Every structure is written in structure tokens, then in C-alpha cells.
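**Q** Letter 87 of the sequence shown, counting from 1, is numbered 83 in the numbering used here, and no numbers are missing.
It is worth saying that the hints were derived from the structure and are not from the lab. Bear in mind that the values here come from a model prediction, so they are computed numbers and not experimental data. By construction, the Cβ of each residue, glycine as well, lies at the ideal position given by its N, Cα and C atoms. Everything hinted at is true.
Computed spacing ranges between beta-carbons, pair by pair: (1) 287 / 254: 22 to 30 Å; (2) 105 / 327: 41 to 49 Å; (3) 163 / 133: 33 to 41 Å; (4) 230 / 327: 13 to 21 Å; (5) 46 / 2: 19 to 27 Å; (6) 290 / 14: 26 to 34 Å; (7) 198 / 77: 19 to 27 Å.
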Amino acid sequence: NRATMLAVADSMAAAGMAVVAIDMPLHGLTGDETNGTENFYMADSERTFDLDLADNTTSAPGPDGVTDSSGKHFINLTNLLNTRDNVRQAVSDLFAVTYAIEDLTAGTSSFDSSKIYFLGHSLGAMVGTTFVALEENVRDAAFAFGGGSYPKVLDGSAAFGPTISAGLSAAGVDKGTADYESFMGAAQTVVDTADPINHASNAAVDRGIVYFEIVGGNTGSPSDLVVPNTVPDGNDSSNTVPAPLAGTEPILALMGLTQVNSDQAGSDLKHSVKFVVGNHSSLLSADADLVNSEETNTKVRTEIQTIAATFLASDGALVDITDDSLLQAAP
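Construct all of the structure, not just a fragment, from the sequences and the given hints.
**A** Written out as C-alpha cells, the structure reads:
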């Protein structure tokens, strides 16, 4: 939702950049937040529509008297066309924001509306890949922890995979069966036109790209548990059927990115930066996880935000690495 920009706004401002953010379809504030963003809740105007269709604790169908969390219904396995069109709408909304920036900055010399950049995290990186590929006014982009092939990314996700397989199992379609994989194939066919896997190569044309990935491996720190690096990955415990175009790595390959763990300078740089510690939330949060301390995750968050801000502020001309101990060595 739009409030997540507050986690990166200071870093971007320090680099001389203003940040504009919007809610994706079926995302927004619920008013139940406890981090201060609840003060920005707008009754009857949120893109969540204040829906209460599921139990927020168990995810079981049926209202529980609490507004469902932001993004809860963005992926809709019972209506795949709805899922596809949520992605399309998100991309269209970003087009609208891009063309509104000139009006927003009219009459002031404080902002240069010709210098528009994109920073996307998780689903925002996935939707953002499609958007950037189609929007020539975006000069450079930074992506954190996205991937390609929506259905199999969800299937192979340690965080979402069990929910996906349980939902399909309840409908009589069990993981590991031909019917299950047929559903995955059908789902991909429906969302294919909006899937980042089909736009990644174009997203990297005539602009700089820096892409962050959590690969883990340091002191038992796992790779990304939400958007897997590959499908399956090292976190998989359910014999997920392989999907060579699913996950983060296929996107990096299609964009033609070179992995780095040291400073880079040039023009329209195209690089990936892979972290051996941290987690899927590390662009935004420094909270401790099951393996990494708050101190470690603070270092990761600072490194990611600094690299992203410096890269975008330099017009895609600089990847500035401060702490290479957090990074996987480049091959």
C-alpha cells in the first residue's frame, strides 16, 4: 500500500529525490495498523473497499468482523481473469501517476518532472517490471525481491505455497497430480500477457537496472521465503514441480543483469546485487527474523536503500557498495 513508501522516503530524500506512491488494486490501509499509518486511513475511500471476506487469523472463508489485510484478495484463484486484470489495472495506474507528475510539479522549480525513476518491492517489483517495460518515461529502475511467472512463484513460495496447495486440495486438486499442474498451466495462460516474465527483457532496454535478491547462505540464513529465487528452491519441502521460468533468477537472466559485489560506474548499468543475509522485507524493515538479528537486518536495509537511492540519483550510472560482507561474491 501507499504507506510503505515511508520506509524508504528518508533515504531517497537524502539523495535529493521525492517519492510518490499509490495503492495497488485491493491494497490500502485498514485503519487497524499500529505503526502510525492508521492515521492516514480514509474511510470509504480505500482500495481494499473495507472488505471482510476471510478470517484474518486462519484465512478461512467468512467474515470475522475485521477488515481484511491489504492485498489479501489481489490474487484470486477462483477467478484468474480477476487476478490478471488486477495486474493490468496496477500497471495502468502507474501510467496515470507518471503522466500526473508533470501537473503535480507545475509551477515549482524544486522538482524536475523529466527525471522519473521507479522503485518496486515484491509484488511491486513484479508489476513494476511490466510497467517499466511499457513506460518509456521511466529513466532507470530499482527492483527488490520480485520474480516471474505468478502461479508457480506462489506454488513454490515457502510463505504462500502451503495456502495455495491447501486451497486447491479443498477443491479436489492435490499437489503433485497432473490436474494440479494443469491448473498451474491454465493459470499461467490467463495471466501471461501481464506477467513480468514476458516483459523483463524489454524493461532493461535503454535504461539502467539494479535488482536485489536474497540468496541466503550465511550462518544458516535462508534464501527469500516469499518470492523464491528459483522454483523449486532450497526451501522447498513439498516436491514442487520445477518451473524454469519462475522465480527471481529467470528475470535477472532475461534482463541481462550482471551480478556485482563491488562499486560500478558507467551509464545505464544493469546489475544484480545478491544478499547472503536478510529477508523478503529487508528493503523496508530491519526487524529481527528467525535467523538474523535486528543489527544484521539494519545493515541489510541500509545497504539496499543506499544502493537504490544512489543508483537512481546518479541516473543509473553508479552502484555504490558499502558493506560487501553482506553480499554473495560475484562469479
